[in-house]
Amino acid sequence: MNLIFAPSQNLRQLLEAVCEAETGRATEKYGRDIASRIALLRNERNRITSEEMKAVICERDKALHSVSKI
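Numbering of the sequence shown is given in my numbering, commencing with residue 1 and proceeding in unit increments.
What the hints contain is simulated information worked out from the structure, not anything from laboratory work. Nothing here was measured: the structure is a model prediction, and the numbers come from that model. Certain hints may be false.
Stated by the list, open to error - Estimated spans, in silico, between C-beta atoms of each pair:
1. T27 with E52: 34 to 40 Å
2. E16 with H65: 51 to 57 Å
3. V18 with K62: 46 to 52 Å
C-beta: ideal position from N, C-alpha, C; glycine also.
Let the sequences and hints guide you as you build the complete structure.
Laid out in structure tokens, this is it:
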């Protein structure tokens, strides 16, 4: 059984692998892969949210600056 997953594999495939695992070691490996994938997704979501907030704050500051000129 192949225990190495490519980064392109999604969580559904990993969950299916956990269900089909034949050994405890394989189940643990897939569980770690799932936890790792969730952490990566969470970090990516936080990074995107941070970038969006920076853009909103920048637009707000520009608007405040232009209003203060008037």
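Hints versus structure:
At roughly 37 Å, the beta-carbon separation of T27 and E52 lies within the given 34 to 40 Å, and the hint holds. Between E16 and H65 the beta carbons are some 53 Å apart, a value that agrees with the proposed interval 51 to 57 Å. With their beta carbons about 49 Å apart, V18 and K62 fall inside the hinted range of 46 to 52 Å.
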